[in-house]
Amino acid sequence: MNQPISLHTQSYDQIRNNPKFHQLVQSRSRLAWSLSATVFGAYSLFMLTVAFAPQWLHQPLGEDTLLTVGLPVGAAIIVFSWLLTGWYVRSANTRFDALSAQILKESQQ
Amino acid sequence: MSPLRALGLAGLCLLSTSAFAAPVIVAEKQPLNLHAIGMFFVFVLGTLAITLWASRQTRSTADFYTAGGGISGFQNGLAIAGDYMSAATLLGLSSLIFAKGYDGFIYTVAFFVGWPLITFLMAERLRNLGRFTFADIVSYRLDQTRIRTFAAFGSLTVVCCYLVVQMVGAGQLIKLLFGLDYPVAVVVVGALMLVYVIFGGMLATTWVQIIKAVLLLAGGTTLALLAMAQFGFSYEALAARAIDSHAIGKAIMGPGSMLADPLNAASMSLGLAFGIAGLPHILMRFFTVPNAKEARKSVFYATGFIGFFFLVVITLGFSAIVIVGTDPQYFVGGDLRGALIGGGNMVAMHLAKAVGGNLFLGFLSATAFATILAVVSGLALAGASAISHDLYATVFKKGQASEKDEMRVTRIATIGLGLVAIGLGILFEKQNVAFLVGLTFGVAASTNFPVLIMAMYWKGLTTRGALWGGCAGLVSALLLVILSPAVWVTVLGNAKAIFPYDHPALFSMPLAFLVIVVVSKLDRSARAEQERAAFDDQFVRAQTGLGAAAASAH
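As they're listed, the protein sequences go chains A and B. Counting in the numbering used here, the first sequence runs from 1 upward without gaps. Counting in the numbering used here, the second sequence runs from 1001 upward without gaps.
You may find that some hints are simply not true.
Some but not every residue of chain A turned toward chain B, in silico, with C-beta under 10 Å [claimed, not checked]:
| id | residue |
| --- | --- |
| 1 | F21 |
| 2 | S36 |
| 3 | T38 |
| 4 | W56 |
| 5 | T68 |
| 6 | G86 |
With a cut-off of at most 30 Å between alpha-carbon atoms, the simulated DSS-like pairs for lysine-lysine come out as follows [what the hints assert, rightly or not]:
| id | chain 1 | residue 1 | chain 2 | residue 2 |
| --- | --- | --- | --- | --- |
| 7 | B | K1496 | B | K1430 |
| 8 | A | K105 | B | K1496 |
| 9 | A | K105 | B | K1459 |
| 10 | B | K1521 | B | K1398 |
| 11 | B | K1353 | B | K1397 |
| 12 | B | K1496 | B | K1293 |
| 13 | A | K105 | A | K20 |
| 14 | B | K1459 | B | K1398 |
| 15 | B | K1459 | B | K1521 |
| 16 | A | K20 | B | K1459 |
| 17 | B | K1293 | A | K20 |
| 18 | B | K1353 | B | K1250 |
Hint data in this document are derived by calculation from the structure and do not stem from the laboratory. Each residue gets a CB set at the ideal place from its N, CA and C atoms; glycine is no exception.
My request is simple: use the sequences and hints to build the entire structure.
Here's what the structure looks like:
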């Protein structure tokens, strides 16, 4: 599996020195890490509430309902974190991939 | 770590799992269910036809391990969902909600939340850096021999534990639903798995998983709709009647006793969330698509399907509290406070019979059987690729194995794994299945995941650091499980557990990371210098996909 490394070393060097590459890396990791932090943060907050303030999740949603706050909160974590994956995949498949294709093209010149 | 020691550890893991012989109610054999058997027969015929077709497409090792990289993002999304939504998720989670209410919901969220993290941090790097196994990525710039040996045994440990879970579940389920003897059921599952994997490779396995995912999504959704119809499609009405029906009343609508201990909750949540990212059969699916773009798409679709299905399962669990929980015909001796017929895991099946009659029960039974087949096939393929690609071709033959030999070894390895799965499945008949899932995830989160993520993201990682850290994670996870209440008290008969929590990840996972970092930092060898220097090229490939394995042309 080490073969491709030597094969592409020159292009790799060239790409690394391309300012667009740094732009790609920066914007991708900014998005990826902040979305990860959002999802993991929300999940941790949820688990902390479960552990330390479970009564908060037991509260009724309204005046005359038996549904509790915990139900929409749990479902929202699933739905919103899925929507965030959609956001990441869209950015990566359009913006980042276009930039990446540009960088690769420039490295072949 | 020497191969022998690693083997010993893998064996230890299996032994420790057999120790969870908690008082499980063993399923009663039921009269032959002809609807279920008929529908399952149709499924088997269809998938065997696909296997025949796939065997004609499968020529090279790339075809065998990754279906030539020719699976589309949407197909792979369904297949990942099919790989992940095991019978344990349908039956186990709905039963957990049936028994504990909202606590089961928390488990469900924990089982889900790893997926977004895989999307953001791993999907594209997996595809850009890997080819057949996740060991490709870990050993990309590290010592091929030692790292691959370690990664292969990490994979095999997880694969074997999870295979046992699936086989035991399969045996119980089929005995109950189809009226077959337990050993017969286990042998049927093992034999079909062997046929799919040996002849059809990844292509057949993928299609078995896709079909099964569609069946499971359709079956689960129909069941939820039929059940909700009894409450006028009102969650309010469902909640009111569930509270009335359940022994603990209003307490089912919020967190209860199961996760009252904060550290136990934290440990479970870490293990489940990061364990997904260390399951070799899931990671392997990312190599079946043509490029990083499709890899991202596939995990987006998979996450959607899994999230949707989990919400369906939650609805099923709460509906069952009312529909199954108040109907004496589903309880042993008609005693509503007693045990469920067929054991605690049969809630979704009883619900199917209650709202859809015998025909629908037959359909869902056949789907559950198909589910197990799809998951064990994926596991067997992941295990076989670890043996043939990592251990045989790279470690033993130093990359000089011919494609033909590698294929032969793969097939032998698959047969070996199949026999092991059948044997252990029969041996561990009376075992608590749900708990083993937790163990599998604990080991995956503390061994495979830390090494993999550090190999992708941390320049400073060295071979020595990866080995020491991975071993620290593996050993500590296993030790903590042995010292936990489930083994130390229940099995070994001690008065008090030395490790008070059920899940090891909160301690074993950070330990693995810590050891990786410290040992890598202290590593001053020349080899370590080279490994750090090689990160820059790996980083460019990870970001741009330049040099990534291409899809083979068909």
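Verification of the supplied hints:
Nearest Cβ of chain B to the Cβ of F21 (chain A): about 7 Å, under the 10 Å cut. The hint holds. Interface restraint check: S36 (chain A) against chain B, minimum CB-CB distance 5 Å, threshold 10 Å, status holds. Because the closest C-beta pair between T38 (chain A) and chain B is about 9 Å apart, less than 10 Å, the hint holds. A distance limit of 10 Å between C-beta atoms decides the matter here; for W56 (chain A) the minimum to chain B is near 9 Å, and the interface restraint holds.
This hint holds: T68 (chain A) has a C-beta 4 Å from the nearest C-beta of chain B, less than the 10 Å allowed. Evaluation of the G86 (chain A) hint against chain B yields a held restraint, the C-beta minimum of about 6 Å falling below 10 Å. Taking the CA atoms of K1496 (chain B) and K1430 (chain B), the gap is near 24 Å; set against the 30 Å cutoff, the hint holds. The straight-line distance between the Cα atoms of K105 (chain A) and K1496 (chain B) is roughly 65 Å, outside the 30 Å bound, and the hint therefore fails.
For the hint pairing K105 (chain A) with K1459 (chain B), the CA-to-CA distance comes to about 26 Å; that is within 30 Å, so the pair holds. The straight-line distance between the Cα atoms of K1521 (chain B) and K1398 (chain B) is roughly 28 Å, inside the 30 Å bound, and the hint therefore holds. A distance of roughly 54 Å separates the Cα atoms of K1353 (chain B) and K1397 (chain B); the hinted pair therefore is violated under the 30 Å criterion. Annotation: proposed proximity of K1496 (chain B) to K1293 (chain B) is violated, straight-line Cα distance about 52 Å (limit 30 Å).
Using a Cα cut-off of 30 Å, the hinted pair K105 (chain A) and K20 (chain A) holds, with the two alpha carbons roughly 12 Å apart. A threshold of 30 Å between alpha carbons decides the hint, and for K1459 (chain B) with K1398 (chain B) the separation of about 25 Å falls inside it, so the pair holds. Distance hint between K1459 (chain B) and K1521 (chain B) is fulfilled; the C-alpha atoms sit about 11 Å from each other, no more than 30 Å. Restraint check for K20 (chain A) and K1459 (chain B): satisfied, since their Cα atoms lie roughly 21 Å apart, inside the 30 Å limit.
Taking the CA atoms of K1293 (chain B) and K20 (chain A), the gap is near 19 Å; set against the 30 Å cutoff, the hint holds. With a CA separation close to 27 Å, the supplied pair K1353 (chain B) and K1250 (chain B) stays within the 30 Å bound.
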